[in-house]
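Peer 1: Sequence:
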Amino acid sequence: MINQDSKRNAYIETDVSKIGRHESIRVTLVEVGYTGEPCLRIQIRKHEGGRVYMGPEIPVEYAKDLIQSIKTLTLMNQKTTET
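In terms of my numbering, the sequence shown is numbered consecutively and its last residue is 159.
Since the hints were derived computationally from the structure, they do not count as laboratory data.
Computed from a prediction, not measured in an experiment: that's the story for all the values here.
The C-beta atom is built at its ideal place from N, Cα and C for all residues, glycine as well.
Don't take every hint at face value.
Claimed, not checked - Ranges between beta-carbon positions, derived for each pair:
hint, residue 1, residue 2, range
1, Gly125, Lys147, 12 to 22 Å
2, Gly125, Leu151, 31 to 41 Å
3, Ile78, Leu142, 11 to 21 Å
4, Ile78, Tyr138, 15 to 25 Å
5, Ser145, Thr111, 29 to 39 Å
6, Gln80, Glu158, 37 to 47 Å
Put together the whole structure using the sequences plus the hints.
Peer 2: Take a look at the structure:
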């Protein structure tokens, strides 16, 4: 589900509480990031208290490369856990 933060940036959260930390990973589309261009900001949000911890901002132009890197590493992990 797409939400909006206090600055009206769109974001999506993925609950990763299964690892025992009661937190979510938040990916936010920031129209004007630190570089002055649109970017994706990746953060951790603690469920208790709702605090959001600052994370990296990746220029949108690199999103496809980043997604491909995540897919490649995920597939590599699946192969190593199957053997």
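Peer 1: Evaluate each hint against the coordinates.
Peer 2: Checked hints:
1. Distance hint check: the CB atoms of Gly125 and Lys147 are about 33 Å apart, inconsistent with the given range 12 to 22 Å.
2. The hinted range of 31 to 41 Å is satisfied by Gly125 and Leu151, whose Cβ atoms lie roughly 36 Å apart.
3. About 19 Å separates the C-beta atoms of Ile78 and Leu142, a value consistent with the hinted range of 11 to 21 Å.
4. The beta-carbon spacing between Ile78 and Tyr138, approximately 21 Å, falls within the hinted interval of 15 to 25 Å.
5. Our hint of 29 to 39 Å for Ser145 and Thr111 is violated, since their Cβ atoms are close to 20 Å apart.
6. Our hint of 37 to 47 Å for Gln80 and Glu158 holds, since their Cβ atoms are close to 40 Å apart.
Checked against the numbered hints listed earlier, the structure breaks hints 1 and 5; every other hint is satisfied.
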